[in-house]
Amino acid sequence: DAKTTQPPSMDCAEGRAANLPCNHSTISGNEYVYWYRQIHSQGPQYIIHGLKNNETNEMASLIITEDRKSSTLILPHATLRDTAVYYCIVRLPAGGTSYGKLTFGQGTILTVHP
Amino acid sequence: GAGVSQSPSNKVTEKGKDVELRCDPISGHTALYWYRQRLGQGLEFLIYFQGNSAPDKSGLPSDRFSAERTGESVSTLTIQRTQQEDSAVYLCASSPVQGFKNIQYFGAGTRLSVL
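So the protein sequences, as listed, match chains A and B. FYI, in the working numbering the residues of the first sequence are 65 to 178. FYI, in the working numbering the residues of the second sequence are 20 to 134.
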């Protein structure tokens, strides 16, 4: 699985957009970008994933650069409840030996303040 | 159920005792994973079950750790002769249809404290 690099921490004001970057310069052509988050004392929660097109769901938007070497997770209107550690993970989706464990790096600690 | 359920939510045990942790995956999910998370650390993969295939046990840290799963239902993680370094949150996750798109749904975890 490709390695990812994320800033260790970010701050965001409540109600503003939170833009969390992730670098994955060694990503291969069929690897997806996944985002999970972990709120304090809870298990990780899936947010969104994408291959090369931008994606949007009820939680967030994912912008992937054209060369796929980096991506940005966007929380359009951050709330205090969005304070969490956000993990960017790059891997193949499923099949053969590629399914199985997720490898979580250190992630980005996002703090949303009033 | 609506989500992955783990029990107990907290477990305090004495060094040397055996413990058993339980995970009820989301109904219909064929894949089940166990992870460990020490305080302030990231997730460590322990074991992965997929249908009737042989489990991937590559992450189990020692032979004191074992896990079972009956079909596509409940799984139990057993730690024998617990040590203080086993203290951690043990997380279970499940996925539908052969780890579809690798979306894993996590339980709240079992916090194990070994005194």
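The hints are simulated quantities; they were obtained by calculation from the structure and are not laboratory data. Since the model is a prediction, treat every value here as computed from it, not as a measurement. All C-beta atoms, glycine included, are put in the ideal place defined by N, C-alpha and C. Accuracy of the hints is not assured; some may be wrong.
[Unchecked claim] One-sided excerpt, in silico: chain A residues whose CB lies under 10 Å from chain B: (1) Thr69; (2) Pro72; (3) Ser73; (4) Cys76; (5) Gln102; (6) Ser105; (7) Gly107; (8) Tyr110; (9) Thr167; (10) Phe168.
Hint-by-hint comparison with the structure:
Given the 10 Å rule on beta carbons, the hint for threonine 69(A) is violated: about 14 Å separates it from the nearest Cβ of chain B. The interface hint given for proline 72(A) is violated, since its Cβ lies 13 Å from the closest Cβ of chain B, which is over the 10 Å cut-off. The beta carbon of serine 73(A) comes no nearer than 14 Å to any beta carbon in chain B, farther than 10 Å, and the hint placing it at the interface is violated. At about 22 Å, the closest approach between the beta carbon of cysteine 76(A) and any beta carbon in chain B exceeds 10 Å, and the interface hint on this residue is violated.
Interface hint at glutamine 102(A): satisfied, since its Cβ lies 8 Å from the closest Cβ of chain B, which is below the 10 Å cut-off. Annotation: interface hint on serine 105(A) holds; nearest CB of chain B at approximately 8 Å, less than 10 Å. Taken as an interface hint, glycine 107(A) checks out: its beta carbon lies about 3 Å from the nearest beta carbon of chain B, inside 10 Å. Satisfaction of the interface hint for tyrosine 110(A) is found here, the shortest Cβ-Cβ separation to chain B being roughly 5 Å, below the 10 Å cut-off.
For the restraint placing threonine 167(A) at the interface with chain B, the shortest Cβ-Cβ distance is roughly 7 Å, inside the 10 Å limit, so the hint holds. The restraint placing phenylalanine 168(A) at the interface with chain B holds, with a minimum CB-CB distance near 5 Å, inside the 10 Å limit.
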